[in-house]
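First residue of the sequence shown? That's 1 in UniProt numbering, and the numbers climb one at a time after it.
The hints are simulated quantities; they were obtained by calculation from the structure and are not laboratory data.
It is possible that part of the hints are untrue.
[To be verified] Heads up, simulated DMTMM-like pairs for lysine to aspartate or glutamate below, C-alpha to C-alpha not over 25 Å straight-line:
{"hint": "1", "residue 1": "K11", "residue 2": "E59"}
{"hint": "2", "residue 1": "K52", "residue 2": "E28"}
{"hint": "3", "residue 1": "K29", "residue 2": "D9"}
{"hint": "4", "residue 1": "K11", "residue 2": "E48"}
{"hint": "5", "residue 1": "K52", "residue 2": "E16"}
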Amino acid sequence: MNAAIYAIDKKGNHSEVVLFMNNLSKKEKARLSRHLNEFLFRALTSDEYQIKVSEVLAEGGMEEDLTTHRNRRLLRRLR
1 MNAAIYAIDK
11 KGNHSEVVLF
21 MNNLSKKEKA
31 RLSRHLNEFL
41 FRALTSDEYQ
51 IKVSEVLAEG
61 GMEEDLTTHR
71 NRRLLRRLR
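Can you make the complete structure from the sequences, with help from the hints?
Here's what the structure looks like:
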């Protein structure tokens, strides 16, 4: 499952978000589908959320299997 969005705000600022996901279970795909639009909206419209996402990604480990306890904890922090 992949997602990409390119947006230009009213001030002319350009933003891009590209997500590449693989080896997702059916349950993970369904959950991701339910929350993807909210994530993208928040990532594009909230400076605070952008900082939060950057901090979580900087902790690393996201390239591993999403079913691991560590990654579930990191993803919960993004809610």
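Cross-check of the supplied hints:
1. K11 with E59: Violated - the C-alpha atoms of E59 and K11 are around 32 Å apart, more than 25 Å.
2. K52 with E28: Distance of about 22 Å is within 25 Å: holds.
3. K29 with D9: This hinted pair is violated, its Cα atoms lying about 29 Å apart.
4. K11 with E48: holds (18 Å)
5. K52 with E16: Holds, because 17 Å separates the two Cα atoms, which is no more than 25 Å.
Going down the numbered hints, you'll see the structure goes against 1, 3, while the others check out.
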